[in-house]
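Peer 1: Sequence:
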Amino acid sequence: MSERWKFQVKNGLIWGFMVSFIMAGFDLFEMSFEDAFLSKKNLSRMLLFVLAGIFVVSYFSWKKKIKRESNTSLSHDNAVNK
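Just so you know, this note's numbering puts 2 at position 2 of the sequence shown, and the rest follows in order with no gaps.
Treat the hints loosely; a few may be bogus.
What the hints assert, rightly or not - Below, computed lysine-lysine pairings styled on DSS-like, alpha-carbon distance capped at 25 Å:
hint, residue 1, residue 2
1, K10, K63
2, K40, K67
3, K65, K6
4, K10, K64
5, K6, K41
6, K64, K6
7, K67, K6
8, K10, K67
9, K63, K6
To be verified - Pairwise CB distance ranges (calculated):
hint, residue 1, residue 2, range
10, F29, S70, 15 to 25 Å
11, E34, V56, 25 to 35 Å
12, K67, G25, 18 to 28 Å
13, K40, S70, 37 to 47 Å
14, M23, F55, 14 to 24 Å
15, F29, F7, 17 to 27 Å
16, S44, K10, 31 to 41 Å
Keep in mind the hints are simulated off the structure, nothing from the lab.
In this text, a Cβ means the ideal position worked out from N, Cα and C, and glycines have one as well.
Full structure from sequences and hints, please.
Peer 2: The following block contains the structure:
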């Protein structure tokens, strides 16, 4: 697996689970723990957030990371930076 996909899967999983758990936590005000965290609705929402995290959020994070790394690799004495 390439470095890009390792980065995207790791960050996408973290983002997807965190957002899903936070939303389920807000659902606890209205329903029981089992309904909030273990219902089919929440599990499908978790899957949706994980996939969106891997393919959308982490893709833009990867692009930003590459851009940031390419900017830091330029020499400060370079005529482009002056």
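Peer 1: Each hint: holds or not?
Peer 2: To see whether the hints hold, each was checked on the structure:
As the CA atoms of K10 and K63 are separated by approximately 15 Å, the hinted pair is consistent with the 25 Å bound. Proximity of K40 to K67 is assessed by CA-CA distance (about 39 Å); at most 25 Å being required, the pair is judged violated. At most 25 Å may separate the alpha-carbon atoms for a hinted pair to count; K65 and K6 meet this at roughly 14 Å. Pair hint K10 plus K64 holds up; C-alpha atoms about 16 Å apart against a cutoff of 25 Å.
For the hint pairing K6 with K41, the CA-to-CA distance comes to about 28 Å; that exceeds 25 Å, so the pair is violated. With a C-alpha separation of about 16 Å, the suggested pair K64 and K6 falls inside the 25 Å cut-off, and the hint holds. For the hint pairing K67 with K6, the CA-to-CA distance comes to about 18 Å; that is within 25 Å, so the pair holds. A threshold of 25 Å between alpha carbons decides the hint, and for K10 with K67 the separation of about 19 Å falls inside it, so the pair holds.
With a C-alpha separation of about 14 Å, the suggested pair K63 and K6 falls inside the 25 Å cut-off, and the hint holds. Separated by about 46 Å at the C-beta atoms, F29 and S70 break the suggested range of 15 to 25 Å. In this structure the hint that E34 and V56 lie 25 to 35 Å apart at CB holds, the actual value being about 30 Å. Separated by about 34 Å at the C-beta atoms, K67 and G25 break the suggested range of 18 to 28 Å.
Restraint check, K40 to S70: a C-beta distance of roughly 44 Å satisfies the suggested window 37 to 47 Å. Between M23 and F55 the CB atoms are about 19 Å apart, so this pair conforms to the stated range of 14 to 24 Å. Taken as a hint, the range 17 to 27 Å is violated for the pair F29 and F7, whose Cβ atoms sit roughly 35 Å apart. Take S44 and K10: their Cβ atoms lie about 22 Å apart, and the range 31 to 41 Å is violated.
Going through the hint list in order, the structure does not satisfy hints 2, 5, 10, 12, 15, 16.
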